[in-house]
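Q: Letter by letter, the chains look like this.
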Amino acid sequence: MPAIRHHIPDDLLMGYAAGVLPQAFDLVVATHVSLSDDARARLASYEALGGAVLSDLDQAQIDEDSLDRTLAKIKGMAPEPRPEPSRGVFPSPLRKVVGGDADAVRWKGVGLGAKQSVLCSDGEATARLLYIPAGQAMPKHSHRGMEMTLVLQGAFRDEDGVFARGDIEVADQQVDHTPIAEPGEDCICLVATDGRLKFQGLLPRIAQPFLGI
Amino acid sequence: MEKTEAHWVATIAAIAQNQDQKAFAEVFRHFAPKVKAFLIKSGADVSLAEECMQDVMATLWHKAHLYDPSRASVATWIFTIARNRKIDLLRRYARPEPEDLPWGPEDAPDQADVIALQQESTKLAEAIRKLPAKQRELIERAYFGDLTHSEIAAETGLPLGTIKSRIRLALERLRHAMN
Ligand SMILES: [Zn+2]
Ligand SMILES: [Zn+2]
Numbered sequence: 001m002p003a004i005r006h007h008i009p010d011d012l013l014m015g016y017a018a019g020v021l022p023q024a025f026d027l028v029v030a031t032h033v034s035l036s037d038d039a040r041a042r043l044a045s046y047e048a049l050g051g052a053v054l055s056d057l058d059q060a061q062i063d064e065d066s067l068d069r070t071l072a073k074i075k076g077m078a079p080e081p082r083p084e085p086s087r088g089v090f091p092s093p094l095r096k097v098v099g100g101d102a103d104a105v106r107w108k109g110v111g112l113g114a115k116q117s118v119l120c121s122d123g124e125a126t127a128r129l130l131y132i133p134a135g136q137a138m139p140k141h142s143h144r145g146m147e148m149t150l151v152l153q154g155a156f157r158d159e160d161g162v163f164a165r166g167d168i169e170v171a172d173q174q175v176d177h178t179p180i181a182e183p184g185e186d187c188i189c190l191v192a193t194d195g196r197l198k199f200q201g202l203l204p205r206i207a208q209p210f211l212g213i
Numbered sequence: 001m002e003k004t005e006a007h008w009v010a011t012i013a014a015i016a017q018n019q020d021q022k023a024f025a026e027v028f029r030h031f032a033p034k035v036k037a038f039l040i041k042s043g044a045d046v047s048l049a050e051e052c053m054q055d056v057m058a059t060l061w062h063k064a065h066l067y068d069p070s071r072a073s074v075a076t077w078i079f080t081i082a083r084n085r086k087i088d089l090l091r092r093y094a095r096p097e098p099e100d101l102p103w104g105p106e107d108a109p110d111q112a113d114v115i116a117l118q119q120e121s122t123k124l125a126e127a128i129r130k131l132p133a134k135q136r137e138l139i140e141r142a143y144f145g146d147l148t149h150s151e152i153a154a155e156t157g158l159p160l161g162t163i164k165s166r167i168r169l170a171l172e173r174l175r176h177a178m179n
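Listed in order, the protein sequences are those of chains A and B. For the first sequence, full-length UniProt numbering begins at 1 and goes up steadily by one. For the second sequence, full-length UniProt numbering begins at 1 and goes up steadily by one.
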C-alpha cells in the first residue's frame, strides 16, 4: 500500500459523501473539492451512490400534517442566494471557518517566521493553517495518524515532488518527510491530522529543523 | 407507478420557475417518506426524523433554482441536502460544503449532459440492485453512517467511473460557459 497519495483517495471522498469524517477532514475535503474539478466529479459519483441508496429505501410513515407544516416552514424562509464567484486565496468553506480570507487569520508564531492557526479540534481530529516563509523547511516529522495537507498559496516540495495551490498530500504512519516551501511566495497550507497525535510533541522541536536548514 | 428521472427534473424546474405548490406536493409525496426512512436508519428517533425531513423538504423548495440536472439526479441532490441536515442536527456542526460553481440563469445546463447523466444514474441504480446482498448492505450501511471512514473501501463492480466522467464533462462545459 502506498503511504503517500497525491490525489485525494477514494475512501476519503466516499467518507465525505457519506458524512462520516471528523469535522477537520470535512473541512479539508470541502476546500480541496472547491479547487479541483477532478475531485468534484469523483465526489459527485459517490454522492450519486448515496442518491441510489436513498431511492431504494422503503417509505417511512410520515405525519398526517407533514406537508402542511413543511409549507408553513417554507413561508418563513428566504430563497438561497446564488453563490458568488470567489476571488481570494481561501475557497468559501475555509473562509466561513476563518471568518474571512487569508488576511483575517489569527496567526501564532511558532518560530523563524513560521505561523499556525488552529481552526477546529474535537479530540478526533484537528485542522490548522500553516504559514511557512518562502524557502523555509517545515519541521521534519513522522505521522502517528493520517495527515492531509492542502496547499492554498505558494508551494512546497518534499521527497515526492512539488505541491502547489489545490494539490493535496495524504500521508500516514509510514511516512517521514521534510516539506520545504518553494522560493518565491510564502506557503499557506491547510492541514488536518488524526486525533491524539503529533503537534504537542512537535512544537518544542520545531525550531531545531528550521535552524538546521 | 415509477416516475422517470426526466419527470422529477421537470418537477424541480416547476418549483424553481413557478413556485409550483402542486409540483412540490408531488415531490414531497415521493421523497419525504424516503428521506425520513434515511434519517431513521441513520440513528434519528422518529420525531426528530420527521422534523428534520420537513427541514430538508423546505430547503429543497428554496434551493430548487440552484439544482443542476447535468451534475446530479434529483435523488442524489435530495440525498446531499438530507445528509448535510443530518450532520447539522446529529453532530451539531455546520458541515463545510464545497464552494459551488456560480452560473447565471442564462447558462442553462446542456441537454445532452442532462440526458447522459440520467442514463448513468439509472445504470448505477440497476448495478446496485444486482449486487450480492452482503455487498449491497455494506454500501447502505456506509451511507447510513454505520461504518467509520477506515471501514469504508471504494466499491468495485459499480459503474462509478462512467458517471464520474459524465459529471467531469459537464463541469468542463460549465467552466467554458462562465469564461
Ligand atoms: Zn507530514
Ligand atoms: Zn510528500
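Quick caveat, the hints were computed from the structure, so don't treat them as lab data. Because the structure is a prediction, the values reported are computed rather than measured. Wrong hints could be hidden among the right ones.
[Stated by the list, open to error] To give an idea of the chain B side of the interface with chain A (calculated C-beta under 7 Å), a few residues:
1) Gln54
2) His62
3) Tyr67
4) Arg71
5) Ser73
6) Phe79
7) Ile81
8) Leu89
9) Pro96
10) Thr122
11) Leu131
12) Tyr143
13) Leu171
14) Leu174
15) Ala177
Quick reminder that beta carbons are idealized off the backbone N, C-alpha and C, glycines included.
Q: All hints are to be evaluated individually against the structure, with a verdict given for each.
A: We went through each hint and held it up to the structure:
no.: 1; hint: Gln54; in the structure: 5 Å, holds
no.: 2; hint: His62; in the structure: 5 Å, holds
no.: 3; hint: Tyr67; in the structure: 11 Å, violated
no.: 4; hint: Arg71; in the structure: 6 Å, holds
no.: 5; hint: Ser73; in the structure: 5 Å, holds
no.: 6; hint: Phe79; in the structure: 4 Å, holds
no.: 7; hint: Ile81; in the structure: 10 Å, violated
no.: 8; hint: Leu89; in the structure: 12 Å, violated
no.: 9; hint: Pro96; in the structure: 4 Å, holds
no.: 10; hint: Thr122; in the structure: 10 Å, violated
no.: 11; hint: Leu131; in the structure: 11 Å, violated
no.: 12; hint: Tyr143; in the structure: 5 Å, holds
no.: 13; hint: Leu171; in the structure: 5 Å, holds
no.: 14; hint: Leu174; in the structure: 9 Å, violated
no.: 15; hint: Ala177; in the structure: 13 Å, violated
Checked against the numbered hints above, the structure violates hints 3, 7, 8, 10, 11, 14, 15; every other hint is satisfied.
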